[in-house]
Amino acid sequence: MTENIITYPLVVHLFFSIVLMFFWQKIKVQKILTIVGNFIALGVAIAVFIHIWSNGTQVVNAGNWDAPFGIVFVGDMLSATLLLLTAVSGLAVSIFSIVSVINARLRFGFFSVYHFLLLGLNGAFLTGDIFNLYVWFEIIIISSFVLISIGGEKNQLEGAIKYFTLNFFGSLIFLTALGVIYGLTGSLNMADIANKIKLIDSQVLIDISAVLFLTAFSIKSAVFPLNFWLPASYHTPPSAVSAIFSGLLTKVGVYALIRMMTLIFPQDEFLMNLLIVLSVLTIISGSFGAIIQNNIRKVFSYLIICHIGFMIGGLGVFNVLAISGVLFYLIHDIIVKTNLFLIGGVIYRIKGTTNMKKIGDLYHSFPKLSLLIIIVLFSLVGVPPLSGFWPKISLFLSSYNNENYWYFGALILGSFITLVVVAKIWSEAFWKKQPEFSIRKKKFISFGQLYTLQKWQFITPIAILAIISLYIGFGADHIQTLSLKIAEDIIDPQNYIDAVLKP
Amino acid sequence: MEILLAIMTGILYASGTYMILRRSIVKLIIGIILLGNGVNLLIFLLGRITKGEPPIISPELKHFADIYADPIPQALILTSIVISFGLQAFAIILVKRTYKALHTDDLDMLNTLDEDS
Numbered sequence: 009m010t011e012n013i014i015t016y017p018l019v020v021h022l023f024f025s026i027v028l029m030f031f032w033q034k035i036k037v038q039k040i041l042t043i044v045g046n047f048i049a050l051g052v053a054i055a056v057f058i059h060i061w062s063n064g065t066q067v068v069n070a071g072n073w074d075a076p077f078g079i080v081f082v083g084d085m086l087s088a089t090l091l092l093l094t095a096v097s098g099l100a101v102s103i104f105s106i107v108s109v110i111n112a113r114l115r116f117g118f119f120s121v122y123h124f125l126l127l128g129l130n131g132a133f134l135t136g137d138i139f140n141l142y143v144w145f146e147i148i149i150i151s152s153f154v155l156i157s158i159g160g161e162k163n164q165l166e167g168a169i170k171y172f173t174l175n176f177f178g179s180l181i182f183l184t185a186l187g188v189i190y191g192l193t194g195s196l197n198m199a200d201i202a203n204k205i206k207l208i209d210s211q212v213l214i215d216i217s218a219v220l221f222l223t224a225f226s227i228k229s230a231v232f233p234l235n236f237w238l239p240a241s242y243h244t245p246p247s248a249v250s251a252i253f254s255g256l257l258t259k260v261g262v263y264a265l266i267r268m269m270t271l272i273f274p275q276d277e278f279l280m281n282l283l284i285v286l287s288v289l290t291i292i293s294g295s296f297g298a299i300i301q302n303n304i305r306k307v308f309s310y311l312i313i314c315h316i317g318f319m320i321g322g323l324g325v326f327n328v329l330a331i332s333g334v335l336f337y338l339i340h341d342i343i344v345k346t347n348l349f350l351i352g353g354v355i356y357r358i359k360g361t362t363n364m365k366k367i368g369d370l371y372h373s374f375p376k377l378s379l380l381i382i383i384v385l386f387s388l389v390g391v392p393p394l395s396g397f398w399p400k401i402s403l404f405l406s407s408y409n410n411e412n413y414w415y416f417g418a419l420i421l422g423s424f425i426t427l428v429v430v431a432k433i434w435s436e437a438f439w440k441k442q443p444e445f446s447i448r449k450k451k452f453i454s455f456g457q458l459y460t461l462q463k464w465q466f467i468t469p470i471a472i473l474a475i476i477s478l479y480i481g482f483g484a485d486h487i488q489t490l491s492l493k494i495a496e497d498i499i500d501p502q503n504y505i506d507a508v509l510k511p
Numbered sequence: 220m221e222i223l224l225a226i227m228t229g230i231l232y233a234s235g236t237y238m239i240l241r242r243s244i245v246k247l248i249i250g251i252i253l254l255g256n257g258v259n260l261l262i263f264l265l266g267r268i269t270k271g272e273p274p275i276i277s278p279e280l281k282h283f284a285d286i287y288a289d290p291i292p293q294a295l296i297l298t299s300i301v302i303s304f305g306l307q308a309f310a311i312i313l314v315k316r317t318y319k320a321l322h323t324d325d326l327d328m329l330n331t332l333d334e335d336s
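Keeping their order, the protein sequence lines are chains A and B.
Residue numbers are given in the working numbering: position 242 of the first sequence equals residue 250, and the series is strictly consecutive.
Residue numbers are given in the working numbering: position 95 of the second sequence equals residue 314, and the series is strictly consecutive.
FYI, nobody ran anything at the bench for these hints, they're computed from the structure.
None of these values were measured; they are calculated from a predicted model.
Hints may be right or wrong, so weigh each one.
What the hints assert, rightly or not - Calculated pairs, DSBU-like style, for lysine-lysine (alpha carbon to alpha carbon, straight line, at most 30 angstroms): (1) A:K34 <-> B:K315; (2) B:K270 <-> A:K170; (3) B:K319 <-> A:K204; (4) B:K270 <-> A:K162; (5) A:K463 <-> B:K315; (6) B:K319 <-> A:K170.
Said to hold, decoys possible - With the C-beta cut set under 7 angstroms, the calculated list includes, among others, these residues of chain A facing chain B: (7) I35; (8) G159; (9) K162; (10) L165; (11) E166; (12) I169; (13) F176; (14) L183; (15) G187; (16) G191.
What the hints assert, rightly or not - Quick look at which bits of chain B chain A covers, simulated, 3 or more residues with Cβ under 8 angstroms: (17) 249-261; (18) 290-302; (19) 310-319.
Backbone N, C-alpha and C define an ideal beta-carbon position, used for all residues, glycine too.
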């Protein structure tokens, strides 16, 4: 019963996405089913996490084909942690979306596609086969194309075109890289490739495929100079959709980069330097982009880019401390970034706009909600002892010890500008008097006129995620232990290879 | 044969990239389709083309004595053709909807920075 446990999250999401299709027009049934499905998925993810924590890396050979020939699913601690985080943010966003997304969108299979998106994410975290990773990426982007364009509003379509083009282009480059690596090693199994790539003489060919992979995943995770599609599209769909995108879609690119760099191209001097340079530029472009924007959701989009830079750079430093910092930051970032866009959605519901110039006085009218939001914003900045603070210690220490002073400086700059931006949001949206602006009439009921239950459905996911952020901050000991364990596990690819190939 | 395929792949990549850099959305989609075909040819080429060899190895052989046809690249190409076909269909519908909503085919015009949203 437990030998295939790591594939259960996939089964749950696949089951619910198919079942939801049979209730195409019955929105109420869909809402109940999606909540139930996400709760089950959370339960399964916790079970998988505990199972892998106590029994070590789990491997499932699809169709019982032995490792280098068939497709394998590998659940190590990194995958298990990300599965758990996916389930948590998936649940929070689904609770949020049942009240915040208007029925006109829900009638076109929103929840079914949402479960397909989560299915793709879980699959990408679990697979140990590089072509299978490509297929999961395609499932993710196809679902995200549908989610970003569902509803078909004018600016949504504009965002969808930009998002579509760059992501499809990224997939094609991924496929090219995959072709090159298959030509070099004659294998698609990641562990097998890691073994065989050591036997190749020509470093140039390895570097070519590595750079192709890096380009593909950089497009997915919005690394400079391939980041411009993200702020152009992430503010256009409904807040629930941008929340799941910002929390998980860019992070799946970071996950793929971590896997590639630790497993297939470890200790490659050229790549490490490239990653450091890219991270510094990403942090700078993201943070300066954030500072000049007035739309809250656009500010958050630029902050995603800025903080992706933190993680990429830590990967470039490449020692146990830096990798543990990256993983801790990844854990913190998934929760906080999901929550930020949910907050953006609530502000939009209250005021009818997210333009900072046109809103104000939120603290006066919603003091308790504002206090909840300040916890999230402080976690984002990393005010001690909240969650953003602890991973930065590891990142600062490791970059300073490794004498990567550019990255060190960029970290300080990025953190500082995040603080400035958050202070700006707080003073503009929460403390300033409400300016006199006429706001266009919207199709939905504004926040003040909702029933109490609906208000709670808006607040609960934010509160859940804020509590998890608080736990990551105050229980930093646990998370640090976890990320150190993962870092020690993945920095030596031999562990992974042995688990898959069973020598 | 290989040199021909290599040149063909190069042409497809180059023309695809050129078309992607154009401002018209329709040309952008054509560029993506060309690039997709280039990728498929590349995988086919890197899978080491052989002629007239079976994709099966005799069980008596202890090691690969002879060159054999590798079936995996073809499976990969088949999968990627199906996926990119679906995506292209989606792209064409998306372009049509965008054209109906915005009455333009120019990528530079897609900047109604709706600050209100």
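Here's how the hints hold up against the structure:
The hinted pair formed by K34 (chain A) and K315 (chain B) meets the criterion: a straight-line CA distance of about 29 angstroms does not exceed 30 angstroms. About 42 angstroms separates the Cα atoms of K270 (chain B) and K170 (chain A), which puts this hinted pair outside 30 angstroms; it is violated. Pair hint K319 (chain B) plus K204 (chain A) does not hold up; C-alpha atoms about 52 angstroms apart against a cutoff of 30 angstroms. Restraint check for K270 (chain B) and K162 (chain A): the C-alpha separation of about 52 angstroms exceeds 30 angstroms, so the hint is violated.
Restraint check for K463 (chain A) and K315 (chain B): the C-alpha separation of about 38 angstroms exceeds 30 angstroms, so the hint is violated. The hinted pair formed by K319 (chain B) and K170 (chain A) meets the criterion: a straight-line CA distance of about 17 angstroms does not exceed 30 angstroms. Hint on I35 (chain A) is violated. Least Cβ distance to chain B is approximately 23 angstroms, over the 7 angstroms limit. For G159 (chain A), the interface hint is violated, the least distance from its beta-carbon to any beta-carbon of chain B being 11 angstroms, above 7 angstroms.
Taking 7 angstroms as the C-beta cut-off, the interface hint given for K162 (chain A) holds, the closest approach to chain B being about 5 angstroms. At its closest, the beta carbon of L165 (chain A) sits 5 angstroms from a beta carbon of chain B; the interface hint therefore holds under the 7 angstroms criterion. The beta carbon of E166 (chain A) comes within 4 angstroms of a beta carbon in chain B, closer than 7 angstroms, and the hint placing it at the interface holds. The beta carbon of I169 (chain A) is positioned within 7 angstroms of a beta carbon in chain B (closest approach about 6 angstroms), and the interface hint is therefore held.
For F176 (chain A), the suggested interface contact is upheld, since its CB lies about 6 angstroms from the closest CB of chain B, less than 7 angstroms. Evaluation of the L183 (chain A) hint against chain B yields a held restraint, the C-beta minimum of about 5 angstroms falling below 7 angstroms. The restraint placing G187 (chain A) at the interface with chain B holds, with a minimum CB-CB distance near 4 angstroms, inside the 7 angstroms limit. Hint status for G191 (chain A) relative to chain B: holds, with the closest Cβ pair at about 3 angstroms, below 7 angstroms.
Check result for the segment 249-261 of chain B against chain A: holds, 5 residues qualifying (beta carbon to beta carbon below 8 angstroms, three or more required). Against chain A, the segment 290-302 of chain B contributes 6 residues with a C-beta closer than 8 angstroms to a partner C-beta. That satisfies the three-residue criterion, and the hint holds. For the segment 310-319 of chain B, the stated coverage by chain A is satisfied: 5 residues place a CB nearer than 8 angstroms to a CB of that chain, which reaches the threshold of 3.
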